[in-house]
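K.L.:
Sequence:
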Amino acid sequence: MKNIEVKGAKQHNLKNIDVIIPRDKLTVITGLSGSGKSSLAFDTLYAEGQRRYVESLSSYARQFLSVMDKPDVDHINGLSPAISIEQKSTSHNPRSTVGTVTEIYDYLRLLYARVGTPFCPDHGISLESQSIDQIVDKLFKDEENERSIILCPIVSQQKGEHLILLNDLKVRGFIRAKINGEIIDLDNLPQLNKNKKHDIDIVIDRLSITKKNKSRLSESIETALRESDGIVTISFLDESKKDITFSTKMACTECGFSIASLEPRLFSFNSPSGACDDCDGLGQKSQVDRRKVIVRPELSLNQGAIEGWDSSQMYHHYLLNRVAKHYGISLDESFEDLSEDIKEKILNGSKGEIIDFSYVSKRGNLRESFKPFEGVLNNIDRRFRESESAFSREYLSKYMTNTVCISCDGSRLNKEARSVKIDGKELWDITNMTIDDCLDFFNNLNLKGKKGAIAEKVVKELKERLKFLSDVGLNYLTLSRSAETLSGGEAQRIRLASQIGAGLVGVTYILDEPSIGLHQRDNKRLLSTLFRLKDLGNTVIVVEHDKETIECADHIIDIGPGAGIHGGFVSFAGNYKEILKKESSLTGQYLSGKKEIKIDKFEKSEKGSLCIKGCNGNNLKNVNLNLPLGKIISITGVSGSGKSTLINQTLYPALANKIQKSNYDCQEFENISGEKKLDKIIEISQSPIGRTPRSNPVTYTGIFTPIRELFSETEEARARGYKPGRFSFNVKGGRCENCQGDGLIKVEMHFLPDVYVKCDVCDGKRYNKETLEVKFKGKNIFEVLDMNVEESLKFFDSIPTIKRKLQTLYDVGLSYIKIGQPATTLSGGEAQRVKLAKELGKVATGDTLYLLDEPTTGLHFHDVNLLLKVINKLNEQGNTVVIIEHNLDVIVNSDWIIDLGPEGGSGGGEIIGEGTPEEISKIKKSHTGRFLKEMLN
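In numbering that gives the first Met the number 0, the protein residues as written are 0 to 936.
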C-alpha cells in the first residue's frame with residue numbers, strides 16, 4: 000500500500016475523521032494546542048501500530064510488554080509497526096548518562112578493555128604483563144653476558160623489624176637477602192629499626208646471562224615470580240647499570256600497584272568491579288549543607304536559628320537545652336555570637352564528651368541518660384540515611400547538597416579503571432568532552448598494529464553514533480551528562496539519534512515536536528536527520544509547529560479549527576503551497592502572513608537596571624549581565640551556549656537568596672546590584688505543578704477552595720452537615736477510601752513497571768457515593784472537576800471569585816484542559832502556562848521580575864500570539880519579564896535581547912550582543928542576528 004488510511008477516528012476529541020498519510024514520506028500534523036494532534040498521532044496511529052505488533056508476538060513474549068488500549072477508530076489500513084519518540088525525560092536514575100542511554104559508553108568500555116594501556120597512578124609507568132619466556136628473551140637481547148643477581152621483592156617501603164619473615168625465609172632454604180640495598184647472609188641478620196621503612200628482596204640466584212645458563216635463568220625467574228606474586232628484579236654487578244623489574248601481572252615495578260586483566264566491566268560504574276568505592280559509582284555524595292541548616296544565624300537557638308530545632312520541636316529542643324546547660328551557654332543568645340568552639344560542638348557533636356540527657360517521664364519517673372551529643376549535622380545525616388519513609392527523606396533532603404566525590408573526582412570509577420589510558424586520555428576524559436570534541440578525538444586517533452586492527456570496528460561505531468548526536472543538534476552535550484538533567488527536547492533527540500543508529504526500515508516513526516529547544520541554526524541539521532530516517536524507507540510523522548519543518552514536509556495535516564470541543568476536525572490536508580491558499584486553516588493564515596504574531600507596543604518608563612557580574616558557572620566566561628528593568632527581555636543563543644546557566648542557575652538563585660531570603664545553590668558570580676528595585680522574583684519553569692495525580696490546575700491556582708466552599712453551602716450539604724473538607728479527595732470523609740481519593744489503584748508488577756487500574760468502588764470518581772449525591776447546578780463535585788476550562792467559565796459565570804481565576808487559565812490558551820486534570824498528565828508547556836495563569840490572578844506590584852524558560856514550547860502560532868499578549872499584560876503593569884527563547888516571533892517582539900554564544904559548550908558562554916532586535920540583527924557573529932535579519936527584512 001502507498002498510504003496509511005485512517006477511517007472514523009474518534010479518540011478523545013477527534014470528530015469521526017478520515018485521514019490519508021503517504022507512506023515513506025515526512026508528514027507534519029499541526030494545529031492549535033488541544034486541537035487533537037496528539038490524539039491522532041499518538042493515541043490513534045501509534046497505539047494501533049504498537050498494539051498490532053505486540054499482538055503478533057507469542058503469549059509468552061506479550062506478558063513482558065505493556066499493550067496500549069485499542070483506539071476509538073473504525074479501521075486503519077497500511078500501518079507498519081510504530082515507534083514513538085516523545086518529549087519525556089529519559090530517566091530519573093542518577094546512574095543514567097548521555098553515554099549509557101545512547102550505548103556509546105558500552106563501546107567505550109569495550110575499546111578501553113581491548114586496547115587501553117594501564118599506568119601506575121603514582122609513577123606514571125605503563126603496566127605491561129610479560130611471560131617468563133618474554134622476560135628471558137628480553138634479557139638475552141639487551142643484557143647477554145652480563146653478570147646478574149635474580150631478586151624477588153617481598154617488602155617495599157614498610158616499617159617493622161620483619162624478623163618473623165626473614166627467619167621463615169631462612170627455614171625455607173634461602174641463603175641471602177638484599178636489605179635496604181645491601182646483600183646480607185640470613186645467618187647474620189642485622190637488627191632492623193622498627194620505626195623506619197625497609198626494602199627487602201630475596202636473592203634467588205647469581206649467574207651470567209649466557210646461553211648455557213638459559214634454563215637455570217628461566218627456573219630462577221620462575222621461583223622469584225612465584226615468591227613475589229608476579230614480580231622479579233634483575234640486578235647487575237656492573238653498578239653503572241640500573242636494576243630492571245619485570246612482572247607477569249599488570250603491576251608497577253616501583254610500588255607494586257597492580258591491575259587485573261582488562262575487561263569491559265572494569266570500566267562500568269554500575270559494576271562493583273569498576274565503581275568508585277566511596278560514592279558507589281555516582282560521582283557525587285549527598286551531605287548535610289551547613290548553610291541550609293543555619294539559615295538565619297542572627298537569630299537565637301530558641302528563635303529558630305537552626306530550622307527544626309527551635310522551641311516548637313520538643314525532642315530536638317530538649318537536646319539543645321541539655322547541651323547548652325552542659326557548656327554554660329544561653330539559648331537566647333544569637334547563634335552568630337556564640338564562640339566557634341561552641342558552634343562546632345552544637346553542629347558536629349561533643350566528640351565523645353559525655354552529656355547528661357536525663358529527663359522526667361510523663362509518669363514522673365526519672366530516666367537517666369548519659370551519652371555524647373552527636374551534633375545537629377550528624378543527626379540530620381543519620382536520619383536521612385536510615386529513614387525508610389519517602390516523606391521523611393524528602394523533608395530532610397532540603398538540608399542536603401550534592402558534592403563531587405573527592406576519591407574519584409566525579410569520574411564515578413575506581414583507581415584501577417582511571418589508570419587505563421588511550422592516547423593519553425582516561426575514559427573519564429573522553430566522557431567529559433562535548434560530542435564534537437569527542438568526535439574530533441576519534442577522527443584523529445591513530446592506533447597502529449594489532450591495537451589498530453582491534454579498535455577499527457569499535458571506533459567506526461563510536462564515530463557514527465557521535466555523528467548522529469551532533470546531527471540532531473546535541474553537539475554541546477557531554478557523554479557524562481546525567482540523563483535526569485536533560486530537557487524533554489534533548490531526551491527526544493537522543494532517542495532520535497539512537498533510532499537512526501539502529502537503521503530500521505519499514506517502520507512508522509511518530510515524533511513529538513523534535514525542534515523544541517533548538518536554535519534555528521540547528522534546525523536544518525535536525526531536518527536533514529528526519530529526511531535521512533525517511534530515506535532509509537520509513538514513514539515519519541511529526542507533530543510540529545515550526546514553520547521551517549512544515550515548509551519542508553511532503554504532506555501536512557492541520558487539525559482544528561479550534562481547541563478542545565472546538566477541535567478534532569481536519570481543517571486541511573495537502574502540501575505547503577496548498578495550505579498557504581487555504582482560508583479556513585488558521586495555520587495557513589499565519590504561514591501566508593495574513594495573520595501575524597504581534598503585540599501592541601507602549602511607552603515604557605526608565606526603571607534602572609539589574610546587574611550581576613563575574614558569572615563563571617559551567618561554561619560561562621566571566622559574564623557581566625545587565626538587565627534593563629520594566630522591559631520584555633529575550634535571552635537567546637544556540638543550544639548549550641549558557642542561557643540556562645546564566646538565568647536559571649545564577650541570576651534566579653542569587654536574587655531569590657537576596658530578596659526572598661531563600662537558600663538555593665547558586666553558580667559562581669562576583670556581585671549583584673540593582674536588586675533593591677525589585678520586591679519579588681518568580682521563576683515560571685516547565686517543571687510539573689505537582690508530582691502526584693492529586694495535584695491539578697484547580698488545586699494549584701487556588702480555585703478548588705472556593706469550589707469546595709460553594710458545594711458546602713448547598714442545601715443538601717448543609718442538611719447533612721458537610722463542611723468544605725468533605726469535598727476534598729485528600730482527606731477522609733468524602734473521598735473513596737478504597738483508592739484514598741486517587742480514582743486509581745496501583746498494582747505493583749515487581750520487575751515490570753507499576754500498573755494503575757481504575758478503582759472499582761468509585762469507578763474512578765475519587766469520592767464516595769454520599770459526597771457525589773450533593774450537586775451544584777445539577778453537577779456533583781466529580782462532574783465539575785471533569786469539565787474543561789471553557790465549560791467551567793460558563794458554569795461559574797455568576798461566581799466572580801472563581802470566574803476571575805478560570806479566566807486567567809483561558810487567557811493563557813488552556814481552554815481545553817480539564818480543571819481537575821492530574822498534574823502528571825500535563826505537558827511541560829501546559830504546566831508552565833498554569834503557573835503563568837496563577838501569577839496573572841495575583842495583585843500586581845509592578846516591581847516583580849518574571850523568568851520564563853521557553854514558554855512557547857508546544858504552542859501553535861495562534862497560541863504564541865495569546866501568550867505574548869499575556870506577557871505584555873504583565874509588562875504593562877511595570878514588571879520585568881525575562882524569557883529564554885528560540886522562537887523568532889517572541890524574540891522580534893522583545894524590547895531587549897541578550898545573545899549568548901557564539902557556539903554551544905566550550906565554544907559558548909559569552910555575551911556576543913545586547914540591544915534591540917534591530918541592533919542584534921546587525922551583529923555578524925550572532926547566529927540569532929542572522930535569522931533576525933532575514934525576518935526583519
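Careful: at least some of the hints might be erroneous.
To be verified - Listed next, with one range per pair, are the computed distances between beta-carbon atoms: (1) E736 with K14: 53 to 59 Å; (2) S388 with K593: 43 to 49 Å; (3) D276 with E463: 33 to 39 Å; (4) K593 with H565: 17 to 23 Å; (5) S128 with E463: 28 to 34 Å; (6) Y755 with G451: 52 to 58 Å; (7) K414 with L56: 43 to 49 Å; (8) R803 with S388: 26 to 32 Å; (9) D73 with E602: 43 to 49 Å; (10) S128 with V66: 48 to 54 Å; (11) A501 with E262: 41 to 47 Å; (12) E262 with I658: 53 to 59 Å.
Keep in mind that the hints were calculated from the coordinates and are not lab data. Where a beta carbon is used, it is the ideal one built from N, C-alpha and C, also for glycine.
K.L.:
Each hint: holds or not?
P.N.:
Structure-based check of each hint:
1. E736 with K14: 53 to 59 Å: Distance hint for E736, K14 is violated at roughly 39 Å.
2. S388 with K593: 43 to 49 Å: 59 Å, violated
3. D276 with E463: 33 to 39 Å: Given about 35 Å between the Cβ atoms, the range holds.
4. K593 with H565: 17 to 23 Å: 20 Å, holds
5. S128 with E463: 28 to 34 Å: Given a distance of about 33 Å, which is inside 28 to 34 Å, the answer is holds.
6. Y755 with G451: 52 to 58 Å: 53 Å, holds
7. K414 with L56: 43 to 49 Å: 46 Å, holds
8. R803 with S388: 26 to 32 Å: The hint (26 to 32 Å, Cβ to Cβ) is violated, given that R803 and S388 are roughly 40 Å apart.
9. D73 with E602: 43 to 49 Å: 58 Å, violated
10. S128 with V66: 48 to 54 Å: 53 Å, holds
11. A501 with E262: 41 to 47 Å: 26 Å, violated
12. E262 with I658: 53 to 59 Å: 54 Å, holds
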